[in-house]
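Number of protein chains: 10
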Amino acid sequence: MLYHVRMNVDLPRDLPESEVAEILQREKAYSQDLQQKGKWRHIWRIAGQYANISIFDVDDNDELHRLLCGLPLFKFMDIEVMPLLRHPSAVRDDDS
Amino acid sequence: MLYHVRMNVDLPRDLPESEVAEILQREKAYSQDLQQKGKWRHIWRIAGQYANISIFDVDDNDELHRLLCGLPLFKFMDIEVMPLLRHPSAVRDDDS
Amino acid sequence: MLYHVRMNVDLPRDLPESEVAEILQREKAYSQDLQQKGKWRHIWRIAGQYANISIFDVDDNDELHRLLCGLPLFKFMDIEVMPLLRHPSAVRDDDS
Amino acid sequence: MLYHVRMNVDLPRDLPESEVAEILQREKAYSQDLQQKGKWRHIWRIAGQYANISIFDVDDNDELHRLLCGLPLFKFMDIEVMPLLRHPSAVRDDDS
Amino acid sequence: MLYHVRMNVDLPRDLPESEVAEILQREKAYSQDLQQKGKWRHIWRIAGQYANISIFDVDDNDELHRLLCGLPLFKFMDIEVMPLLRHPSAVRDDDS
Amino acid sequence: MLYHVRMNVDLPRDLPESEVAEILQREKAYSQDLQQKGKWRHIWRIAGQYANISIFDVDDNDELHRLLCGLPLFKFMDIEVMPLLRHPSAVRDDDS
Amino acid sequence: MLYHVRMNVDLPRDLPESEVAEILQREKAYSQDLQQKGKWRHIWRIAGQYANISIFDVDDNDELHRLLCGLPLFKFMDIEVMPLLRHPSAVRDDDS
Amino acid sequence: MLYHVRMNVDLPRDLPESEVAEILQREKAYSQDLQQKGKWRHIWRIAGQYANISIFDVDDNDELHRLLCGLPLFKFMDIEVMPLLRHPSAVRDDDS
Amino acid sequence: MLYHVRMNVDLPRDLPESEVAEILQREKAYSQDLQQKGKWRHIWRIAGQYANISIFDVDDNDELHRLLCGLPLFKFMDIEVMPLLRHPSAVRDDDS
Amino acid sequence: MLYHVRMNVDLPRDLPESEVAEILQREKAYSQDLQQKGKWRHIWRIAGQYANISIFDVDDNDELHRLLCGLPLFKFMDIEVMPLLRHPSAVRDDDS
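Listed in order, the protein sequences are those of chains A, B, C, D, E, F, G, H, I and J. When the letters of the first sequence are read in order and numbered with numbering that gives the first Met the number 0, they come out as residues 0 to 95. When the letters of the second sequence are read in order and numbered with numbering that gives the first Met the number 0, they come out as residues 0 to 95. When the letters of the third sequence are read in order and numbered with numbering that gives the first Met the number 0, they come out as residues 0 to 95. When the letters of the fourth sequence are read in order and numbered with numbering that gives the first Met the number 0, they come out as residues 0 to 95. When the letters of the fifth sequence are read in order and numbered with numbering that gives the first Met the number 0, they come out as residues 0 to 95. When the letters of the sixth sequence are read in order and numbered with numbering that gives the first Met the number 0, they come out as residues 0 to 95. When the letters of the seventh sequence are read in order and numbered with numbering that gives the first Met the number 0, they come out as residues 0 to 95. When the letters of the eighth sequence are read in order and numbered with numbering that gives the first Met the number 0, they come out as residues 0 to 95. When the letters of the ninth sequence are read in order and numbered with numbering that gives the first Met the number 0, they come out as residues 0 to 95. When the letters of the tenth sequence are read in order and numbered with numbering that gives the first Met the number 0, they come out as residues 0 to 95.
What the hints contain is simulated information worked out from the structure, not anything from laboratory work. Values in this document were obtained by computation on a predicted structure and should not be read as measured data. Note that the Cβ used here is the ideal one computed from N, Cα and C, for glycine as well. Hints may be right or wrong, so weigh each one.
[Said to hold, decoys possible] Take a look, some chain D residues computed to stay more than 12 angstroms from chain E by CB distance:
{"hint": "1", "residue": "L10"}
{"hint": "2", "residue": "D13"}
{"hint": "3", "residue": "Q48"}
{"hint": "4", "residue": "D58"}
{"hint": "5", "residue": "R65"}
{"hint": "6", "residue": "M76"}
{"hint": "7", "residue": "P82"}
{"hint": "8", "residue": "R85"}
{"hint": "9", "residue": "D92"}
[As the list claims (entries may be wrong)] In silico DSSO-like cross-links for lysine-lysine, where the CA-CA straight-line distance does not exceed 27 angstroms:
{"hint": "10", "chain 1": "D", "residue 1": "K38", "chain 2": "A", "residue 2": "K74"}
{"hint": "11", "chain 1": "A", "residue 1": "K38", "chain 2": "B", "residue 2": "K74"}
{"hint": "12", "chain 1": "J", "residue 1": "K74", "chain 2": "A", "residue 2": "K27"}
{"hint": "13", "chain 1": "I", "residue 1": "K74", "chain 2": "G", "residue 2": "K74"}
{"hint": "14", "chain 1": "B", "residue 1": "K74", "chain 2": "C", "residue 2": "K74"}
{"hint": "15", "chain 1": "J", "residue 1": "K74", "chain 2": "A", "residue 2": "K74"}
{"hint": "16", "chain 1": "A", "residue 1": "K74", "chain 2": "D", "residue 2": "K74"}
{"hint": "17", "chain 1": "A", "residue 1": "K27", "chain 2": "A", "residue 2": "K74"}
{"hint": "18", "chain 1": "D", "residue 1": "K74", "chain 2": "F", "residue 2": "K27"}
{"hint": "19", "chain 1": "G", "residue 1": "K74", "chain 2": "E", "residue 2": "K74"}
{"hint": "20", "chain 1": "F", "residue 1": "K38", "chain 2": "F", "residue 2": "K27"}
{"hint": "21", "chain 1": "F", "residue 1": "K74", "chain 2": "H", "residue 2": "K27"}
{"hint": "22", "chain 1": "I", "residue 1": "K27", "chain 2": "B", "residue 2": "K74"}
{"hint": "23", "chain 1": "B", "residue 1": "K74", "chain 2": "I", "residue 2": "K36"}
{"hint": "24", "chain 1": "E", "residue 1": "K38", "chain 2": "F", "residue 2": "K38"}
{"hint": "25", "chain 1": "C", "residue 1": "K74", "chain 2": "E", "residue 2": "K38"}
{"hint": "26", "chain 1": "B", "residue 1": "K27", "chain 2": "C", "residue 2": "K27"}
Starting from the given sequences, assemble the full structure and let the hints guide the process.
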């Protein structure tokens, strides 16, 4: 089941650089692991912003929430979720 | 080059049903043709809304505008565009 | 799976009264049928507004969208959807 | 009498972890006690957010305010209240 | 029990003047009757606007909704409701 | 002359408790003094919020501003003012 | 007593040109009469908009409302009012 | 040439009182000097707010910006500018 | 003197096609004439929208307003104006 | 390819003056270098604000993002991007 997720990141200025680096490294590993498992279907950067648009493909609302809460950057993010479904005009098999 | 496009449709109530049907049929053909050509990369319906989230993959801003203006539903839509790019954590080859 | 749905109704003033009555009667039957089937878990009126707050319990985003689009009042409504899940502090068995 | 309450939690980053843990434990006990007494009728988590949707069933505006102000997380919350009532199409006895 | 109600009136321009006059006359009678019964505690005009701020004193959310829906101008109004309660610093006996 | 005033209070978390207590005590005395003088006609708490709705009855804009600026909580408040006047349907003598 | 008033004009497209001309002529006479009486202290056009910023100098909220309601364009306007007072740094005698 | 300027002041709570007093004194002198030179045509306080509405009469956009940036309170202000011009109904010679 | 102008066009659906064509032709001539005179410095289309971003270079607010009001599409536009000035980092001679 | 970029700068008050000066010097050099290379086509200050409107002419969304992220002030900015294209009424060769 698909969800549209927008994540806006806002890192506090007083976070030590080493801590930021460590969080970002964990965030990347976490994201890539979920992408490889097919749970985090797409991720794109929004031009000019520290933000991304993602498509998640999960079993249900619970799994979506669990995955989002597990994000190393979770507490520095503002997250908006919209449930998606296959569009009647879609032609790609994997757009549903 | 990728763009995130949200289309909200608002059909006037006084449009004759036959005209609506004809426009929607043209819209579907137009969309599927662009999807097959790879220009309209993804399209999803937003749950509970007469709206979609789409990803376009076009040469430049000009082509994006030309394709959107050509939509049979264009004058009944409110459209928002955000330029996207490959996210540094992306693993899928086709997310850029 | 649970969803929070807010429906704001805006009936056009030029709709004939008999048509309004007929739509509202179908809407009520449609809603009560889904409530009896357990799909439309709760529905409350918001004080002072022609609007309701509903909780749907459906299989997935697709079913939610199909049920909402089938509402006789659908084209006169503005609908907002939020996916819900069981709260870790919930005690009622049926709040999930 | 029913009220729709949305609570958005925003914990300050400089709150010591032990203090957070203690507040959350008290919050859970407080919420479950009110749920068991039937005052806090429903509570659901909103997917992807540190926020909940709740339905309170209290005697009047005063009791609602007193219960909300007593929340251990009260000063870290942004709260929105909407008075609800039984919907004319409702079928469940306990939706009023 | 007290509620703060803001009513914004927007009369359609194509309503015949005689119909407007008749609605306004019924609105005034309806309002004054409820004021005399103590249900509609206060009403003030907002300077420069076709809008009012009112305080209702009713038994519960249901009664509030029933009274507001009965307003002859109801379908031409946008209404916002906020539940109120006695302020701990209030000195007037009738501010609760 | 009447004014509708909404006051939202936001106490900084790092204010010492004793200072908060002292400010709130002065605020209460200040408010009750103005209420007894008839300048601060009504005050109600908004359910679920650290906010109030007040009606002031003062000589002019100057006096209103002077009284609001004198509030011990003034610098911790966000204040919105709307000028009011007697509504043509009002029946209470003191609603003007 | 001074008030800041912003008036946004929105003339319906189906108003006959002769009616528009007649209303605008009456509006101008009405405005200039109040300016000459000192009630409508200032009026400026906002560049690029069918809107004006005005300063009224009237006895009280009642008079302000009466004057605004009397505007020939009143029903085609969206009006916002802010009460003003002399600024402690003002040097002009007539800025209060 | 005229500009409508709204200035909202937000002094940080941790600014030492003596520094605040010194800034406010410089702000007042700066404002009165520009008023006497005819550059800062009007200034009014908005009731209930630490904000003012001002009318500037300057040579061009450059001069306006230079004067605003020179305000001792500039970095504690949120400023909104609207270009104005003589209204066709204006009667005062100095409203342009 | 420079101004940033955003124009959003909203053509009513019931405007006869021949009238639309005639207005658009006049709009284009009007715009190109002002561009050639150097008054309308730049104009760009916003991708996906019936809207443009323009830079005007005019003598003063009056001339800007006169030129905008003269637009054949003026009554079908929503216009936003921001006064600009040379940026201290600008290197192009004609960016001021 | 053209983009409209608005940059709002918000320098934290506790940044040492020498650090601010050093960042601003690097920002200016960075901007002027990109202007001379033709990547940063235009830059204007918005009157009364610590903000600018810029036009970028870059190869694609990626290059735009890379250039914006490289801004020495990037982490103190709020940036909004809109893709632009040549307007059908444009006459200047370099407005595309």
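Hints, one by one, checked against the model:
At the 12 angstroms boundary, the C-beta of L10(D) stays outside the reach of chain E, the nearest C-beta of that chain being 27 angstroms off. Once the 12 angstroms rule is applied to beta carbons, D13(D) is consistent with being away from chain E; the minimum gap is 30 angstroms. Residue placement check: Q48(D) keeps its beta carbon more than 12 angstroms from all beta carbons of chain E (closest about 24 angstroms). At roughly 9 angstroms from the closest C-beta of chain E, the C-beta of D58(D) falls inside 12 angstroms, breaking its exclusion from the interface.
Listed as a non-interface residue, R65(D) fails to keep its Cβ farther than 12 angstroms from every Cβ of chain E; the least gap is roughly 9 angstroms. With a minimum CB-CB distance of about 17 angstroms to chain E, M76(D) clears the 12 angstroms threshold, and the non-interface call stands. Against chain E, the non-interface label of P82(D) is violated: not every CB pair exceeds 12 angstroms, the least being about 4 angstroms. A beta-carbon of chain E is positioned within 12 angstroms of the beta-carbon of R85(D); the least distance is around 7 angstroms.
A cut-off of 12 angstroms between C-beta atoms confirms that D92(D) is not in contact with chain E; the least separation is 16 angstroms. Simply put, K38(D) and K74(A) have alpha-carbon atoms about 31 angstroms apart, too far for the 27 angstroms limit, and the pair is violated. About 36 angstroms separates the Cα atoms of K38(A) and K74(B), which puts this hinted pair outside 27 angstroms; it is violated. Restraint check for K74(J) and K27(A): the C-alpha separation of about 20 angstroms stays at or below 27 angstroms, so the hint holds.
A distance of roughly 18 angstroms separates the Cα atoms of K74(I) and K74(G); the hinted pair therefore holds under the 27 angstroms criterion. Of the supplied pair hints, the one linking K74(B) and K74(C) holds, its CA atoms being roughly 18 angstroms apart against a limit of 27 angstroms. For a cut-off of 27 angstroms, the pair hint linking K74(J) to K74(A) stands: about 18 angstroms separates their Cα positions. With a C-alpha separation of about 18 angstroms, the suggested pairing of K74(A) with K74(D) holds against the 27 angstroms cut-off.
For the given pair, K27(A) sits about 16 angstroms from K74(A) by alpha-carbon distance, which is consistent with the 27 angstroms threshold. Among the hinted pairs, K74(D) with K27(F) is consistent with the structure: their alpha-carbon atoms are about 20 angstroms apart, no more than 27 angstroms. Annotation: proposed proximity of K74(G) to K74(E) holds, straight-line Cα distance about 18 angstroms (limit 27 angstroms). Among the hinted pairs, K38(F) with K27(F) is consistent with the structure: their alpha-carbon atoms are about 15 angstroms apart, no more than 27 angstroms.
For the proposed pair K74(F) and K27(H), the alpha carbon gap of about 20 angstroms is at most 27 angstroms, so the pair holds. Among the hinted pairs, K27(I) with K74(B) is consistent with the structure: their alpha-carbon atoms are about 20 angstroms apart, no more than 27 angstroms. For the suggested pair K74(B) and K36(I), the alpha carbons sit about 33 angstroms apart, so the restraint of at most 27 angstroms is broken. Simply put, K38(E) and K38(F) have alpha-carbon atoms about 25 angstroms apart, close enough for the 27 angstroms limit, and the pair holds.
Annotation: proposed proximity of K74(C) to K38(E) is violated, straight-line Cα distance about 36 angstroms (limit 27 angstroms). Our distance criterion of 27 angstroms between C-alpha atoms is broken by K27(B) and K27(C), whose separation comes to about 33 angstroms.
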